[in-house]
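A.B. asks: Spelled out, the chains give:
2 protein chains.
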Amino acid sequence: MKKLRRKVYMVAGYNTVSMGTGRKEFNPKKECPGLEEYIKEAGQGTLKLIGGAKNVDECAIGNFMGSRFNKQANMAAFFPFIDEGLRGKPAIRVEGACATGALALMTGIKSVLAETAEVVLVIGVEVQNTVKAMYGADILAGAGWFKDRKEGHAYFFPGQFSDRAGAYFEKYGRDKTRKAFARWYRNAIENARLCPTAQEHHNTTKDLEALAMMEPNGRSFVDHLNVFDCSKVSDGASSIAVVSEEGLKRTGIPKEQAIEVLGFGQAEEDLTKKPVEQTELTTSKLAVKTALESAGIIISQVGTAEIHDCFTIAGVMAVEALGLADPGKGTDFILEGNTARDGKFPINTTGGLIGWGHPTGATGVHQAVTILEQLTGKAGDSQIKIPADRPYGLTVNMGGNDKTLVSIVYHRG
Amino acid sequence: MKKLRRKVYMVAGYNTVSMGTGRKEFNPKKECPGLEEYIKEAGQGTLKLIGGAKNVDECAIGNFMGSRFNKQANMAAFFPFIDEGLRGKPAIRVEGACATGALALMTGIKSVLAETAEVVLVIGVEVQNTVKAMYGADILAGAGWFKDRKEGHAYFFPGQFSDRAGAYFEKYGRDKTRKAFARWYRNAIENARLCPTAQEHHNTTKDLEALAMMEPNGRSFVDHLNVFDCSKVSDGASSIAVVSEEGLKRTGIPKEQAIEVLGFGQAEEDLTKKPVEQTELTTSKLAVKTALESAGIIISQVGTAEIHDCFTIAGVMAVEALGLADPGKGTDFILEGNTARDGKFPINTTGGLIGWGHPTGATGVHQAVTILEQLTGKAGDSQIKIPADRPYGLTVNMGGNDKTLVSIVYHRG
Chain H
1 MKKLRRKVYM VAGYNTVSMG TGRKEFNPKK ECPGLEEYIK EAGQGTLKLI
51 GGAKNVDECA IGNFMGSRFN KQANMAAFFP FIDEGLRGKP AIRVEGACAT
101 GALALMTGIK SVLAETAEVV LVIGVEVQNT VKAMYGADIL AGAGWFKDRK
151 EGHAYFFPGQ FSDRAGAYFE KYGRDKTRKA FARWYRNAIE NARLCPTAQE
201 HHNTTKDLEA LAMMEPNGRS FVDHLNVFDC SKVSDGASSI AVVSEEGLKR
251 TGIPKEQAIE VLGFGQAEED LTKKPVEQTE LTTSKLAVKT ALESAGIIIS
301 QVGTAEIHDC FTIAGVMAVE ALGLADPGKG TDFILEGNTA RDGKFPINTT
351 GGLIGWGHPT GATGVHQAVT ILEQLTGKAG DSQIKIPADR PYGLTVNMGG
401 NDKTLVSIVY HRG
Chain W
1 MKKLRRKVYM VAGYNTVSMG TGRKEFNPKK ECPGLEEYIK EAGQGTLKLI
51 GGAKNVDECA IGNFMGSRFN KQANMAAFFP FIDEGLRGKP AIRVEGACAT
101 GALALMTGIK SVLAETAEVV LVIGVEVQNT VKAMYGADIL AGAGWFKDRK
151 EGHAYFFPGQ FSDRAGAYFE KYGRDKTRKA FARWYRNAIE NARLCPTAQE
201 HHNTTKDLEA LAMMEPNGRS FVDHLNVFDC SKVSDGASSI AVVSEEGLKR
251 TGIPKEQAIE VLGFGQAEED LTKKPVEQTE LTTSKLAVKT ALESAGIIIS
301 QVGTAEIHDC FTIAGVMAVE ALGLADPGKG TDFILEGNTA RDGKFPINTT
351 GGLIGWGHPT GATGVHQAVT ILEQLTGKAG DSQIKIPADR PYGLTVNMGG
401 NDKTLVSIVY HRG
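Protein chains in written order, with the numbering used here: chain H, 1 to 413; chain W, 1 to 413.
Since the hints were made in silico from the structure, they are not lab data. Here the structure is a predicted model, which is why all the values come from computation and not from measurement. Hints may contain errors.
Since copy identity is lost for identical chains, a pair holds within one copy or between any two.
To be verified - Pairs of lysine to aspartate or glutamate residues, derived as EDC-like cross-links and limited to a Cα-Cα distance of at most 20 Å, are as follows:
no., residue 1, residue 2
1, K179, E31
2, K7, E115
3, K48, E170
4, K150, E31
5, K71, D138
6, K289, D326
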């Protein structure tokens, strides 16, 4: 993959609260804010930071399943609802299951590279608490092949990753792996507690690891994962502006408040096929490899990463896909404390999907916002120290069971 | 809008049959081909013409409502199902209601402009005959704002355009307008009869205009439109390759078999608002104006156009939005025979949405395939003579009630 033909930056990140069970203000019995309210809050959040709608050339919105959760498509036409100044401007909605958010970022990146835009407003959004969890699981199963869903697990995706966990247990041992899951959960919640928009911000459990060691209850859920191994049902939106150097000037944002996109990798695997290898995320690995190569760096130069821990087992396998540990050794890497916020390689510093939340279409954008905050020193209580010799950030956003992948490498602006 | 920074072409168009009522082989009681079969047929159709999957850098798929019609999202992951050679390559799904197909084209165009790809495989697809028409109407209503749908017409979109027809009748007279609708229908069917993939290819009605003058049956459908004023429920897929000059060389396709993208216009209007003017497609008008200006031409230089006649009234208003007739005079322009295949300004020469069919997510791509065929002399029985001094083609693809718009201007390669 060749170098990007033009400099591309991201600025002005904004997250709504990731709303759902666990947040004090969440009450499923009251009417919740709708899809368009989340879109408006996030969009206005970024517009305010970039000098308003007049500075925007194009818009992109990522949403996975609004057509079922909210009976709503054609969401590009919500941009003028955010701000009348966006009337008449080009916009698009993109989708790639849980990798939707990063595909929206890629759309912005490509528009800037194409020089059709100097400033692209990118939003990711999902509002999922409109239906009960069981129906929600059926809706999210749309990320997998329809025909596969006629057999197998009721909770389709937890089932898919439970099978992966089972295979990992068998190949590499159950005890250590389960402990690594529990540690992953603890790191996620501890990070979330420091981030005011995180769904688990109010979590007060004392011994998180003990809790997360709970035995899976196979009959009522899935065989190898308990509820703490799973990201929750979340409503939320995140937004960011993808800009050129010209866009930085136009919006008056200094480079120190921006991150530069140095490289990216996108990859697809056949939706109709079983995983090539149950204990590895082979497509994730390919996307990360491409992203690092296109950025011209290696993984040890990365200061922090946001990875797609829809389930703890996905977190473990992502650590391996990043090249931080050999197959089967991701558990050790985690148990040694390396992925914790004070560890050698901090991952998901605002809580990730398990701690911050997983409003599916928003997640990829939220990852970019966290990297932006961390690399520019604006992460508030969540701030970690980025080593001077590792000034890079990396994200991995995954759609379906390792099917649609986007990895992006960033550098301090 | 500035000139495109790089030459962009389209080549190797392919259409499946537009399947549904009217086609002899259509039998809703038998199991129909699924979404993935349509995707595979269209994708392989284009791959065969461009030297195979090895020549493809990126993929884009347009689909509007597969998440409801087919319980299927994450469709980018069907590309490796088309051809194993597409495994690991970047792909994305895009959506903008019935403008979805053209947004998929725009995604390809921007990737070529961005130089992230020299060859992009673009597919549009929709398989809608999985549910009864009444449920289908509810699904397609997702192109409009959810909250609007709590009141008003059961058949939401026919209702929206029936209201527009009623307003047009009131402002400019009912009799002439209804005659123009009937002529539009006749032109559509006559064109479809010449195109083997058209849904109305087998239509044998003798006096099409007399039939189309039928009084609307308001109680069981809508007030101001009859069924011949409406595009039908269609299953189908179309595909095309968007390529650079380098891509032309790589695929070995001579320029004479390509069309060049000279300019485009994209525009959004607020989904939550009523139309600015019931008798005008103001957003369509803006998109066409931008497209023509960016191509540096005027409408009288265009040899043929593919416009979005989801309903006959949309056809009439599109003629006006193109600048071919003043407001209220589109009807005269049509009744004078100008838009017929032997007229001054042939429109929808393979039948358009009413004649060829309207597999929603595919329509925008089908429009490009028709322009490609006409401008390169490969339209078979549908071929019209393009005047030497008007070597341009134009498309207008509309999502929702004039909400999401894409217009593209092409020139013989």
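A.B. asks: Determine which of the earlier numbered hints do not hold for this structure and return their numbers in increasing order.
C.D. replies: 1 and 3
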